[in-house]
Amino acid sequence: MLKGNKLPVPIKIISTGIALPPDKIKAADLDKKLNKPDGYSLMRSGVLYRYHADTQLQQADLAASAISDALTRCNIAAESIDLLISACALPVQALPYTATHILKASSLPQTITCFDVNASCVSFISALQIAAGLLNTGIYKRIAIVSADLASRGLDWQDEESSLIFGDGAACAIVEQGNGKSGILSCLLETHTNGIDLCEIRGGGSRRNIKTGIEEHDFLFHMQGKPLFKLASSLIEPYLTRLLNQADLTLSDIATVIPHQASHLSLEHMRKRLNISSESLIDIYRFRGNQVSASIPSALHEAVITQRFNPGKPAMLIGTAAGLTLGGMILLP
Numbered sequence: 001m002l003k004g005n006k007l008p009v010p011i012k013i014i015s016t017g018i019a020l021p022p023d024k025i026k027a028a029d030l031d032k033k034l035n036k037p038d039g040y041s042l043m044r045s046g047v048l049y050r051y052h053a054d055t056q057l058q059q060a061d062l063a064a065s066a067i068s069d070a071l072t073r074c075n076i077a078a079e080s081i082d083l084l085i086s087a088c089a090l091p092v093q094a095l096p097y098t099a100t101h102i103l104k105a106s107s108l109p110q111t112i113t114c115f116d117v118n119a120s121c122v123s124f125i126s127a128l129q130i131a132a133g134l135l136n137t138g139i140y141k142r143i144a145i146v147s148a149d150l151a152s153r154g155l156d157w158q159d160e161e162s163s164l165i166f167g168d169g170a171a172c173a174i175v176e177q178g179n180g181k182s183g184i185l186s187c188l189l190e191t192h193t194n195g196i197d198l199c200e201i202r203g204g205g206s207r208r209n210i211k212t213g214i215e216e217h218d219f220l221f222h223m224q225g226k227p228l229f230k231l232a233s234s235l236i237e238p239y240l241t242r243l244l245n246q247a248d249l250t251l252s253d254i255a256t257v258i259p260h261q262a263s264h265l266s267l268e269h270m271r272k273r274l275n276i277s278s279e280s281l282i283d284i285y286r287f288r289g290n291q292v293s294a295s296i297p298s299a300l301h302e303a304v305i306t307q308r309f310n311p312g313k314p315a316m317l318i319g320t321a322a323g324l325t326l327g328g329m330i331l332l333p
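The sequence shown maps to residues 1 to 333 in our numbering.
Since the hints were made in silico from the structure, they are not lab data.
Any given hint could be a false lead.
Claimed, not checked - Here are the in silico distance ranges between beta carbons for each label pair:
| no. | residue 1 | residue 2 | range |
| --- | --- | --- | --- |
| 1 | Thr113 | Leu34 | 42 to 48 Å |
| 2 | Gln307 | Lys141 | 23 to 29 Å |
| 3 | Ala77 | Lys6 | 31 to 37 Å |
Just so you know, these numbers come straight off a predicted model, no measurement behind them.
In this text, a Cβ means the ideal position worked out from N, Cα and C, and glycines have one as well.
Make a model of the complete structure from these sequences and hints.
Right, dumping it as structure tokens:
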């Protein structure tokens, strides 16, 4: 039973799905690739295996596969989807926007509305909030939200701190307004621009290009791990208090915590500092790595298929992202 009189903003997640590249990259494989001792990559990253796309696999195709999986799992007709939201951190290309590529690759009606939402690793949370608002205007009836990232395309293998932790993948959630019993109890996204340079890919936009000047490494992922972790750690607990206060709940009221799978250190920090049980915390990091925007919806899918996303039991999506952005949402399934 929920405390207080907080009513959710109506939205119902009616299905979820995922897609992974066929190539499973084990920690032992990376030890050989990087000429490291056995066990080195696992010790450094905490990832037993992750999935990397080959050069032929397209981001839009992976996203389309996740949409198809979500449709199939609950026998939902593709024709019933009237809006597609791409919630990816990395674009297919500068123009046109990524959602058009995904729509073309998918089985969805080819003339429906589609657009991008990008808040890096917490893009899915932003998209879910926007979808709830649109559903409650009555303009759309059923929305597909999909996140897909091929992080492996931007790895700098000279940077062990970041290159060992990332994996590729896609995940989709299909949502509708529902009957009002399920929905968003609170949503809070905050940007702390003092962390803007701690996690970035500089190339690909108007800042670094052939006219302003660009180098090959500008297209690779750069992360200052220790300063980023220190900043995020200093912000997350008071932020979490604000998110919970919006919902008139305490952490003990949350049945399931669905975090961004940022790193084994971030998950362990959350587990210990917030005293969250292993059963309540969705942790797929060891078998996926950090899938960027696909991490949160992939973890949500794991919660769904393991019966840890249940009606009447609040669940919390939470993560940090480049920016530095903090994103969180408390949902009533």
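We went through each hint and held it up to the structure:
| no. | hint | in the structure |
| --- | --- | --- |
| 1 | Thr113 - Leu34: 42 to 48 Å | 45 Å, holds |
| 2 | Gln307 - Lys141: 23 to 29 Å | 27 Å, holds |
| 3 | Ala77 - Lys6: 31 to 37 Å | 34 Å, holds |
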